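For the protein sequence lines, the chains are A and B, in the order given. Number 342 marks the last residue of the first sequence (this note's numbering); no jumps. Number 342 marks the last residue of the second sequence (this note's numbering); no jumps.
Keep in mind that the hints are not guaranteed to be accurate.
It does not matter which identical chain is used: a pair holds within one copy or between any two.
With a cut-off of at most 30 angstroms between alpha-carbon atoms, the simulated DSSO-like pairs for lysine-lysine come out as follows [said to hold, decoys possible]:
{"id": "1", "residue 1": "K35", "residue 2": "K170"}
{"id": "2", "residue 1": "K35", "residue 2": "K115"}
{"id": "3", "residue 1": "K335", "residue 2": "K35"}
{"id": "4", "residue 1": "K170", "residue 2": "K61"}
{"id": "5", "residue 1": "K56", "residue 2": "K170"}
{"id": "6", "residue 1": "K237", "residue 2": "K257"}
{"id": "7", "residue 1": "K261", "residue 2": "K63"}
{"id": "8", "residue 1": "K237", "residue 2": "K261"}
{"id": "9", "residue 1": "K170", "residue 2": "K335"}
{"id": "10", "residue 1": "K335", "residue 2": "K236"}
{"id": "11", "residue 1": "K163", "residue 2": "K335"}
{"id": "12", "residue 1": "K205", "residue 2": "K61"}
{"id": "13", "residue 1": "K236", "residue 2": "K163"}
{"id": "14", "residue 1": "K115", "residue 2": "K101"}
{"id": "15", "residue 1": "K170", "residue 2": "K257"}
{"id": "16", "residue 1": "K101", "residue 2": "K163"}
{"id": "17", "residue 1": "K35", "residue 2": "K101"}
{"id": "18", "residue 1": "K35", "residue 2": "K163"}
{"id": "19", "residue 1": "K112", "residue 2": "K241"}
{"id": "20", "residue 1": "K56", "residue 2": "K257"}
{"id": "21", "residue 1": "K63", "residue 2": "K237"}
{"id": "22", "residue 1": "K115", "residue 2": "K237"}
{"id": "23", "residue 1": "K61", "residue 2": "K280"}
{"id": "24", "residue 1": "K101", "residue 2": "K241"}
{"id": "25", "residue 1": "K101", "residue 2": "K63"}
None of these hints come from the bench; they were simulated from the model. Owing to the predicted nature of the structure, the values given are computational and were not obtained by experimental measurement.
2 protein chains.
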Amino acid sequence: MRIILVGYGIVGKGVTTILARRYMEKAASYGFNPKVVAIADVDGAVINDRGFSPEKLEEIKQKGYPISADGDFGHKGMSALEVIENVEAEVVVEVTPVNIKNAEPALSHITKAFKTGKHVVTTNKGPLALAMPALTELAEHNNVFLRFSGTVGGGTPMLEFAKRCLSGDKILRVQGILNGTTNYILSEMGQSSISFQEALSNAQKLGYAEREPSMDIDGFDTACKVVILSNWIMGKKITLKDVDIIGIRGVTLEMLKDAVKRNSTIKLIGTVDDNEVSVKPLEIPWANPLCVSGVLNAVTFQTEYAADQTLIGRGAGGIETANAVLRDLLDIRHKLASKLLS
Amino acid sequence: MRIILVGYGIVGKGVTTILARRYMEKAASYGFNPKVVAIADVDGAVINDRGFSPEKLEEIKQKGYPISADGDFGHKGMSALEVIENVEAEVVVEVTPVNIKNAEPALSHITKAFKTGKHVVTTNKGPLALAMPALTELAEHNNVFLRFSGTVGGGTPMLEFAKRCLSGDKILRVQGILNGTTNYILSEMGQSSISFQEALSNAQKLGYAEREPSMDIDGFDTACKVVILSNWIMGKKITLKDVDIIGIRGVTLEMLKDAVKRNSTIKLIGTVDDNEVSVKPLEIPWANPLCVSGVLNAVTFQTEYAADQTLIGRGAGGIETANAVLRDLLDIRHKLASKLLS
Chain A
1 MRIILVGYGI
11 VGKGVTTILA
21 RRYMEKAASY
31 GFNPKVVAIA
41 DVDGAVINDR
51 GFSPEKLEEI
61 KQKGYPISAD
71 GDFGHKGMSA
81 LEVIENVEAE
91 VVVEVTPVNI
101 KNAEPALSHI
111 TKAFKTGKHV
121 VTTNKGPLAL
131 AMPALTELAE
141 HNNVFLRFSG
151 TVGGGTPMLE
161 FAKRCLSGDK
171 ILRVQGILNG
181 TTNYILSEMG
191 QSSISFQEAL
201 SNAQKLGYAE
211 REPSMDIDGF
221 DTACKVVILS
231 NWIMGKKITL
241 KDVDIIGIRG
251 VTLEMLKDAV
261 KRNSTIKLIG
271 TVDDNEVSVK
281 PLEIPWANPL
291 CVSGVLNAVT
301 FQTEYAADQT
311 LIGRGAGGIE
321 TANAVLRDLL
331 DIRHKLASKL
341 LS
Chain B
1 MRIILVGYGI
11 VGKGVTTILA
21 RRYMEKAASY
31 GFNPKVVAIA
41 DVDGAVINDR
51 GFSPEKLEEI
61 KQKGYPISAD
71 GDFGHKGMSA
81 LEVIENVEAE
91 VVVEVTPVNI
101 KNAEPALSHI
111 TKAFKTGKHV
121 VTTNKGPLAL
131 AMPALTELAE
141 HNNVFLRFSG
151 TVGGGTPMLE
161 FAKRCLSGDK
171 ILRVQGILNG
181 TTNYILSEMG
191 QSSISFQEAL
201 SNAQKLGYAE
211 REPSMDIDGF
221 DTACKVVILS
231 NWIMGKKITL
241 KDVDIIGIRG
251 VTLEMLKDAV
261 KRNSTIKLIG
271 TVDDNEVSVK
281 PLEIPWANPL
291 CVSGVLNAVT
301 FQTEYAADQT
311 LIGRGAGGIE
321 TANAVLRDLL
331 DIRHKLASKL
341 LS
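If we strip away everything but chain A, and leave its shape as in the complex, we get (with noise of 0.2 angstroms):
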């Protein structure tokens, strides 16, 4: 399988050491040969058409920016989507910054990849919060798998549970903190008894919580993951619009103090089902399995059969996110192998 990995930050680092430290056994294991033909970052790239050795995996991340300087494979200046439209792979690794104003230059780079034949895996929520549906659909048209692990949940698979071992049951309302800097924010105001301004300054101090904290706490990356969460598992075709958002501007210390008259605890909870489409705080009961502090994110399904099922996992990091691309990787391969028989 080749591989054209599309920005080369803490996630794509973390790609290329997961695939080289984990290529031997993966092999062995799953007749999984991933080769990174090719790594796309702001100032050019780096090819090679047979595929680079973890060896040099390894050494391209050490010398750092910028990677087009690299004497035997470097391309300076030649962009991400020249890459994909030139270089011959089966896999684009989509792993550049998230934008939800207009998802790109993820979004581009996706179109491209599937014009042009390749499967994508992608950790971008942006050009899924924008237009899902429609790249679901181009997917489909072009013949090729897009698979988003990472982008919801973090390091906890919470997509395939919900389509893999659930798939005997209907899933009827998914419901969860998806988001671990909010949750850390709340849990902080709550145990520590301070203001919502003073929390979020701890969580900016602790790397929790971005200088810019809007996407985290006016609630638009959970919002981006219920959007993702409703297409994939509920079936249905919506987009950021379509989602009710309130963040979590609006918390005080006092309501706070007031839920835990009543064993609750508020939290930013994203919702759906077959009414409500929805990112607002919530207050949850503290013995609701859901009712995780810390940086943590839950998520309960409630399906017809099995009653309800929560999982709880840690927000994402890059190496959480990095394994996330690996699991679609080995899903596409899974798929492809099927299909090959059919």
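With the hints as your guide, set chain B onto chain A.
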């Protein structure tokens, strides 16, 4: 897919209900066409080579014991072994009561099924706890599948989650609350400040504990599940005798109150990793996602790349376990389809 159902208690009845009710839907969405061709109970059997209609299955359930009295299809006194040997079918669903002394009659049913070329779906922990490595080998030797998701985690698809959703990762440790009865008793002791004996009586009154509670409170049920998790997920080849087992009879109210001082409580925990296969009461911090109350089950998978993943769900009732059988049937159908194509 022709199915012989062996055992006609709560789970067995639930299986026929689910298969009948979801027949149309499943046939449509999965190309899955399950037909119950025989049901074997202690008194005899009912057999219909063409498969029982949903209406007839409902009628058999309504008439109740003894099912072999059925005028059209009853075979009074016919044993399950005879049914398995003589009725043509692809799958045997084994849902007789658990026996951890010698695993009978389930063990004979399963081996007979294998030897006559039939796949097996079971919800019975006995044969797996006592003979899983041998049974796995026998299934492979006869080129048939053995599935058992109803044995662990009740309605919560713990086994599938570990196998399918964490497939790109390495599972280093599995630890969990695998028995709802003991969790209920320990939760009750802590929350209502009552003794073990009182909590046990309450659990018995509510139907959460058996009149003969040893299987649960002495840790054997948890240990059976630990054996299954160890073999299936961690690649071990162990049986019940390899598990260090301590139940909850020795847990006092004082110990629980002491744990509270450390923001913790005591839970009966099954653990599998490279060094340990055990069941014992352990102090668990409240902040640990594993720390769920009531009859809930919870299991944490410690993985190399995706960090800890915790799955929480209700312990098994009849309908959840029956639903696990459906999942297993779908899985076998899927595996067979792939096999045919290869």
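Hint by hint, here is what the structure shows:
Within a single copy, K35 and K170 get their C-alpha atoms only as close as 38 angstroms, which misses the 30 angstroms cut-off; across copies the closest is 21 angstroms, which meets it. In this assembly of identical chains, K35 and K115 lie within 30 angstroms of each other by CA distance solely inside one copy; the values are 21 angstroms within and 44 angstroms between copies. Taking identical chains as interchangeable, the C-alpha atoms of K335 and K35 lie at most 30 angstroms apart whether they share a chain (18 angstroms) or sit on different chains (28 angstroms). When the C-alpha separation of K170 and K61 is checked against a cutoff of 30 angstroms, the pair qualifies only between copies, where the shortest distance is 24 angstroms, while the shortest distance within a copy is 45 angstroms.
Taking CA atoms no more than 30 angstroms apart as the test, K56 paired with K170 passes between copies only; the shortest distance there is 25 angstroms, against 47 angstroms inside one copy. In this homomeric assembly, K237 and K257 never come within 30 angstroms of each other (Cα to Cα): the closest approach is 39 angstroms inside a single copy and 51 angstroms across copies. Taking CA atoms no more than 30 angstroms apart as the test, K261 paired with K63 passes in neither setting, with 56 angstroms inside one copy and 52 angstroms between copies. In this assembly of identical chains, K237 and K261 lie within 30 angstroms of each other by CA distance neither inside one copy nor across copies; the values are 40 angstroms within and 50 angstroms between.
Taking the shortest alpha-carbon separations for K170 and K335, both the intra-copy value of 23 angstroms and the inter-copy value of 21 angstroms come in at or below 30 angstroms. Taking CA atoms no more than 30 angstroms apart as the test, K335 paired with K236 passes in both settings, with 23 angstroms inside one copy and 29 angstroms between copies. Taking identical chains as interchangeable, the C-alpha atoms of K163 and K335 lie at most 30 angstroms apart whether they share a chain (14 angstroms) or sit on different chains (17 angstroms). In this assembly of identical chains, K205 and K61 lie within 30 angstroms of each other by CA distance solely inside one copy; the values are 27 angstroms within and 63 angstroms between copies.
In this homomeric assembly, K236 and K163 come within 30 angstroms of each other (Cα to Cα) both inside a single copy, at 14 angstroms, and across copies, at 28 angstroms. In this assembly of identical chains, K115 and K101 lie within 30 angstroms of each other by CA distance solely inside one copy; the values are 23 angstroms within and 62 angstroms between copies. Taking the closest pair of Cα atoms, K170 and K257 never come within 30 angstroms of each other, the shortest separation being 37 angstroms inside a single copy and 41 angstroms across copies. Within a single copy, K101 and K163 get their C-alpha atoms as close as 29 angstroms, which meets the 30 angstroms cut-off; across copies the closest is 38 angstroms, which misses it.
For a Cα distance limit of 30 angstroms, the shortest separation of K35 from K101 qualifies neither inside one copy, at 33 angstroms, nor across copies, at 52 angstroms. Within a single copy, K35 and K163 get their C-alpha atoms as close as 28 angstroms, and across copies as close as 25 angstroms, so both meet the 30 angstroms cut-off. For the identical chains of this complex, K112 and K241 are intra-copy neighbours only, at 25 angstroms inside a copy versus 58 angstroms across copies, given an alpha-carbon limit of 30 angstroms. For the homomeric pair K56 and K257, neither the shortest alpha-carbon distance inside one copy (55 angstroms) nor that between copies (58 angstroms) is at most 30 angstroms.
Proximity of K63 and K237 under a CA criterion of 30 angstroms is satisfied in neither setting, with 43 angstroms inside one chain copy and 46 angstroms between copies. Taking the shortest Cα distances, K115 and K237 sit within 30 angstroms of each other inside one copy (22 angstroms), while across copies they are farther apart (49 angstroms). Taking identical chains as interchangeable, the C-alpha atoms of K61 and K280 are never at most 30 angstroms apart, the minima being 40 angstroms within one chain and 46 angstroms between chains. For the homomeric pair K101 and K241, the shortest alpha-carbon distance inside one copy (11 angstroms) is at most 30 angstroms, but the shortest distance between copies (60 angstroms) is not.
Taking identical chains as interchangeable, the C-alpha atoms of K101 and K63 are never at most 30 angstroms apart, the minima being 33 angstroms within one chain and 63 angstroms between chains.
When held up to the earlier numbered hints, the structure conflicts with 6, 7, 8, 15, 17, 20, 21, 23 and 25 and fits the remainder.
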